[in-house]
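So you can see what is in the structure, the chains are spelled out below.
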Amino acid sequence: MEQTTKCEMLLTVNGEQHSVIARPADTLLFVLRTILGLTGAKPGCLNGDCGACTVLVNDVPIKSCMILAIETVEKKITTIEGLKHTPIQQAFVEHFAFQCGYCTPGFIMNAHALTKKHPLASDEIIQEWLQSNICRCTSYKEIEEAVKTVLANNSASLNDNHF
Amino acid sequence: MVPFDFTYHQPSSIQEAIQLFQTLQQQGKKTMYYAGGTEIITLSRLNLVFTEAVIDIKGIPECRTLRFDKNYLVLGAALSLTTIEEANVFPLLSKAASEVADRTARNQITLGGNICGQIFYREAVLPLLLTDSDVIIAGKDGLKQLPIQQIFQKQMRLHPGEFLVQIMTEQTYLSLPYRSIKKRKQWEVGYPLVTVAALKTNEQIRVAFSGVCPFPFRSQTVEERLNDRQLPLESRINEALHHLPRPILDDIEGSAEYRLFVLKHTLFDIITELEGE
Ligand SMILES: Cc1cc2nc3c(=O)[nH]c(=O)nc-3n(C[C@H](O)[C@H](O)[C@H](O)COP(=O)(O)OP(=O)(O)OC[C@H]3O[C@@H](n4cnc5c(N)ncnc54)[C@H](O)[C@@H]3O)c2cc1C
Ligand code: FES
Ligand code: FES
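Which chain is which? The protein sequence lines are A and B, in order. Residue numbers for the first sequence follow my numbering, beginning at 1 and rising by one. Residue numbers for the second sequence follow my numbering, beginning at 164 and rising by one.
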């Protein structure tokens, strides 16, 4: 089927279905922010470098400035607006893991996916994943501490379940 | 934001993709195959790419395969670098792939996209050059299998309408001793200052490079010099550097002189270690 200038796309964002009229050339970031009004994912570099635009597509972190909205039809999109009271959000608050907050939604989405996929992630894995995001206010240490707190709690609850 | 419109097509078979390309071309539309899309989207924004139609190959099962077939490992061109890294069936490729961009970007960047793209580092091709892998190319006359060395000369030499479907690597290569070292100007993420991948087979060391010249390469002359064990290692490396293709990159990542300095030391470390194994 040929998609002309604008077309209808059915997107599933944070568990809700949205019928969207957009160009096939529109990025997911643009559609989320400008058409759906979900401004949590931030435009930073628009070049795949900073990670401020990170969202989850089928639970995998993706830089939404580098994917077309039309590619995500029939997939499950999760943005920061879709996370409620998660351990990583709580840990960011407790560890003051931000200053201006611009990078925070992207970091949280990435870190949330990390703690789900690797509940007992090694330092190496944490480093590999967190390198995808840039914090201009350099809150890196606090962000790492927040992630490690969630992982330590995962580990403690796994141990509890063993006994 | 992509500053122009294109139509988006999602074929589910190789045949359909090839036919779509022909039809769109006949309609006079500039058409591109689309995999991870990261380069097409980011370079479009900078007006370095223009297309009127994209054909997304991620829905083609052959492009997503990851399996062993007889004596070969078969990797689909549309596999993401993360998938390849995590499957870890080809440790040298996993290592080289894991150094490209960053983890989130690698969830999207594909093996075929890295090799066929215009951003000239194409680091994932190094292990394929070292293992004399074959590529499966689809075109209007069907599928063809070619040695990668034949079709990858500085870049993939595909005819209009052709696309890379799979890469086939002989299993015997997968367990050989290897090294892959990426040196950056700064930080742990970013384009290479130099990347060197090496494989030891039959007491010979094969070496391939990215970030040294504005194209990745493997050179027979360079390998002959490096393996000339009558000379001390330092002389072998100096000889090899003499025979590098030109030009040596001289840009914001590093001057040509600095790149050669770093390359020399990187080669020294790699060869010392591999010869000791
Ligand atoms: C943030 C970022 C960081 C990067 N860092 C690195 C790095 O450190 N090292 C490195 O080597 N590269 C790096 N790159 C370059 C990246 O690997 C290439 O841009 C690659 O093309 C992206 O793959 P893709 O699947 O997204 O390609 P796409 O954007 O889908 O396609 C890129 C080009 O390749 C063509 N193409 C894609 N697949 C095929 C196929 N199967 N057959 C024929 N043609 C095809 C397309 O037509 C297009 O011309 C980086 C890119 C980005 C965006
Ligand atoms: S805005 Fe997407 S990576 Fe920077
Ligand atoms: S808190 Fe300001 S950019 Fe990270």
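Take these hints with a grain of salt, some might be off.
To be verified - Residues from chain B that face chain A, not an exhaustive set, calculated with beta carbons under 7 Å:
| # | residue |
| --- | --- |
| 1 | Asp-168 |
| 2 | Glu-179 |
| 3 | Leu-183 |
| 4 | Thr-186 |
| 5 | Gln-190 |
| 6 | Pro-224 |
| 7 | Asp-265 |
| 8 | Thr-267 |
| 9 | Val-352 |
| 10 | Leu-356 |
Claimed, not checked - So the derived label-pair ranges between C-beta atoms look like this:
| # | chain 1 | residue 1 | chain 2 | residue 2 | range |
| --- | --- | --- | --- | --- | --- |
| 11 | B | Glu-438 | A | Lys-75 | 30 to 38 Å |
| 12 | A | Lys-75 | B | Gln-190 | 45 to 53 Å |
| 13 | B | Phe-213 | A | Thr-34 | 44 to 52 Å |
What the hints assert, rightly or not - Rough simulated footprint, nothing fancy, chain B against chain A, three-plus residues with beta-carbon under 8 Å:
| # | region |
| --- | --- |
| 14 | 31-42 |
| 15 | 77-86 |
| 16 | 95-102 |
| 17 | 138-148 |
Hints in this document: simulated from the structure, not taken from any laboratory. Note that CB positions come from ideal geometry on N, CA and C, so glycine has one too.
A quick look at each hint next to the structure:
Annotation: Asp-168 (chain B) was flagged as interfacial toward chain A, and the flag holds, the nearest CB pair being 5 Å apart, inside 7 Å. Of the supplied interface hints, the one on Glu-179 (chain B) is violated, with its beta-carbon coming no nearer than about 12 Å to a beta-carbon of chain A, more than 7 Å. Hint status for Leu-183 (chain B) relative to chain A: violated, with the closest Cβ pair at about 10 Å, above 7 Å. Hint status for Thr-186 (chain B): violated, given a least beta-carbon distance of 10 Å to chain A, over 7 Å.
Below 7 Å, beta-carbon pairs count as interface contacts, and Gln-190 (chain B) has none with chain A, the closest being about 10 Å; its hint is therefore violated. For Pro-224 (chain B), the shortest C-beta to C-beta distance to chain A is roughly 17 Å, which exceeds 7 Å, and the interface hint is violated. Satisfaction of the interface hint for Asp-265 (chain B) is found here, the shortest Cβ-Cβ separation to chain A being roughly 4 Å, below the 7 Å cut-off. Taken as an interface hint, Thr-267 (chain B) checks out: its beta carbon lies about 4 Å from the nearest beta carbon of chain A, inside 7 Å.
Interface restraint check: Val-352 (chain B) against chain A, minimum CB-CB distance 5 Å, threshold 7 Å, status holds. Taken as an interface hint, Leu-356 (chain B) does not check out: its beta carbon lies about 17 Å from the nearest beta carbon of chain A, beyond 7 Å. A hinted range of 30 to 38 Å is violated for the C-beta pair Glu-438 (chain B) and Lys-75 (chain A), which are about 49 Å apart. Taking 45 to 53 Å as the suggested C-beta distance range, the pair Lys-75 (chain A) and Gln-190 (chain B) does not conform, at roughly 29 Å.
Between Phe-213 (chain B) and Thr-34 (chain A) the Cβ separation comes to about 23 Å, which falls outside the hinted range of 44 to 52 Å. Counting residues of the region 31-42 of chain A whose CB lies closer than 8 Å to any CB of chain B gives 0, so the stated coverage by that chain is violated, three being the minimum. Under the rule that three or more residues need a Cβ within less than 8 Å of chain B, the assignment of the region 77-86 of chain A is violated, with 0 such residues. For a cut-off of 8 Å, the count of residues in the region 95-102 of chain A with a CB near a CB of chain B stands at 0, and the three-residue condition is violated.
Coverage of the region 138-148 of chain A by chain B is violated. Counting CB-CB distances below 8 Å, 0 residues qualify, and the rule asks for three or more.
This entry does not satisfy hints 2, 3, 4, 5, 6, 10, 11, 12, 13, 14, 15, 16, 17, going by the numbered hints stated previously.
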